[in-house]
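Spelled out, the chains give:
Protein chains: 2
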Amino acid sequence: MNYCSQCGSDIEIRVPEGDSRERHVCSHCGHIHYQNPNVVTGCIPEWEGRVLLCRRAIEPRKGYWTLPAGFLENGESTQQGALRETLEEANARVAVEQLYTLFSLPHISQVYMLFRGPLLDLDFSPGHESLEVRLFEEREIPWDELAFQVVSETLKYYFEDQRRGAFRLRSGVIERLPGERRRYRTTLHE
Amino acid sequence: MNYCSQCGSDIEIRVPEGDSRERHVCSHCGHIHYQNPNVVTGCIPEWEGRVLLCRRAIEPRKGYWTLPAGFLENGESTQQGALRETLEEANARVAVEQLYTLFSLPHISQVYMLFRGPLLDLDFSPGHESLEVRLFEEREIPWDELAFQVVSETLKYYFEDQRRGAFRLRSGVIERLPGERRRYRTTLHE
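From first to last, the protein sequence lines stand for chains A and B. Numbering of the first sequence is given in the numbering used here, commencing with residue 1 and proceeding in unit increments. Numbering of the second sequence is given in the numbering used here, commencing with residue 191 and proceeding in unit increments.
Excised from the complex, chain A in its bound form (with noise of 0.2 Å):
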């Protein structure tokens, strides 16, 4: 951020009075440009047990397996923005039922939402941001080629509920590692 979105002065960075973290401040407006985390929703499209993941046509992880999810938008809800993303990525249309992981990733600054989402119907096919989308069994689904921490965590539950008979809610944190390598530590809340 260079310029005041406000009155187009140069930005510079200090702590406002009465704040504790720096911020991005107008040098003639004093505007503050306050940052802060994003919502990710989505859900986990399910059907006879078997749950529809997408391989991403667009960066970050192009090629790799996800559930559909995106960023939450201005005036709708998380289970509104569940719904439209799957309408999204996948053409497919669910009944967004209850929040089943919420994870904080603070490395990146963001907050994932994901609902379980039984399908109504088979009638689905990639969307603009999808290569390829299908329906897997639990003994097929790509672990190595799955996009996401989040996602691996959420199919990991979902597949131990599954088997259990019971699904609960996940929350908790997923922390990126220091390091080359993608290697992260997940602690649960409960």
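Just so you know, the hints here were simulated from the structure itself, not pulled from any lab data. Since the model is a prediction, treat every value here as computed from it, not as a measurement. Beta carbons: idealized from backbone N, C-alpha and C, even for Gly. Wrong hints could be hidden among the right ones.
[To be verified] Listing some non-contacts, in silico: residues in chain A with all C-beta distances to chain B over 12 Å:
no. : residue
1   : Leu135
2   : Pro142
3   : Phe159
4   : Arg183
[Said to hold, decoys possible] Simulated restraints, written as ranges between beta carbons of each label pair:
no. : chain 1 : residue 1 : chain 2 : residue 2 : range
5   : B       : Pro332    : A       : Asp144    : 53 to 59 Å
6   : A       : Lys156    : B       : Glu202    : 41 to 47 Å
7   : A       : Arg23     : B       : Pro332    : 30 to 36 Å
8   : A       : Lys156    : B       : Ser199    : 44 to 50 Å
9   : A       : Leu188    : B       : Ser199    : 45 to 51 Å
10  : B       : Glu249    : A       : Trp47     : 30 to 36 Å
11  : A       : Arg14     : B       : Gly265    : 17 to 23 Å
Position chain B against the provided structure of chain A, taking the given hints into account.
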């Protein structure tokens, strides 16, 4: 938003290629300035059946009572944010436990997350943003002087569950109904 925060040029409002919504787009460098909902995180500080509330020293709703809560910051988890807000607004230390209410407020593009938080001690006092903080039994709650609908709903469920002796997550949507008066519709997803 009038100017591009990247290059300082004029902003135009249009639907970018491949998108379906109007965005703030730079007329010169083409940067798309997305605007998305914010997460508000906080807790229900509890002590032997009583709940700590803060009387707001700032607008909106100055002078009204609320639960300690505020905008999630970049790089923090929702639980860390709840702890921080409770410390900032009430100088109180809690053990943040499970998520208790999760509400979308689409009319103001916010997602509220309130956690149960047993107080670790009774050493609390008003922070900068509070006029007064104190513990309330159910019969003492100032229902007509609560700051926000999401606080009223959360406290209503909280005391219902306290009487039942079992607490469970409530998630849903709180919509503001049209008109001058503050009227809302709450829909739970269960």
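Next item on the list: May I ask you to test the hint 44 to 50 Å on the CB atoms belonging to Lys156 of chain A and Ser199 of chain B?
Entry: Holds - the Cβ-Cβ distance for Lys156 of chain A and Ser199 of chain B, about 47 Å, lies within 44 to 50 Å.
Margin query: Between the beta carbons of Pro332 of chain B and Asp144 of chain A, is the distance compatible with 53 to 59 Å?
Written below: holds (56 Å)
Next item on the list: Return holds or violated for the Cβ distance of Leu188 of chain A and Ser199 of chain B against the range 45 to 51 Å.
Entry: Check passed, 46 Å falls within 45 to 51 Å.
Check: Would you say Arg183 of chain A is clear of chain B, with no C-beta pair closer than or equal to 12 Å?
Finding: The claim stands: Arg183 of chain A keeps its Cβ more than 12 Å from every Cβ of chain B (closest is about 18 Å).
Check: In terms of Cβ atoms, is chain B entirely out of 12 Å range of Phe159 of chain A?
Finding: holds (22 Å)
Item checked: Assessment of proposed distance window 30 to 36 Å (beta carbons of Glu249 of chain B, Trp47 of chain A) -> Violated, since Glu249 of chain B and Trp47 of chain A (Cβ atoms, about 49 Å apart) do not stay within the stated range.
Check: Does the Cβ pair Arg14 of chain A, Gly265 of chain B satisfy 17 to 23 Å?
Finding: holds (18 Å)
Next item on the list: Take the C-beta atom of Arg23 of chain A and the C-beta atom of Pro332 of chain B, compute their distance, and say whether it sits inside 30 to 36 Å.
Entry: Because 34 Å falls inside the window, the suggested range holds.
Item checked: Assessment of proposed distance window 41 to 47 Å (beta carbons of Lys156 of chain A, Glu202 of chain B) -> Hint holds: Cβ distance 45 Å, inside 41 to 47 Å.
Note to self: If we take the beta carbon of Pro142 of chain A, is the closest beta carbon in chain B still more than 12 Å away?
What the structure shows: holds (27 Å)
Item checked: Outside-interface status for Leu135 of chain A - nearest CB in chain B farther than 12 Å -> Holds, since 24 Å exceeds 12 Å.
Violated hint for the displayed structure: number 10, the only one.
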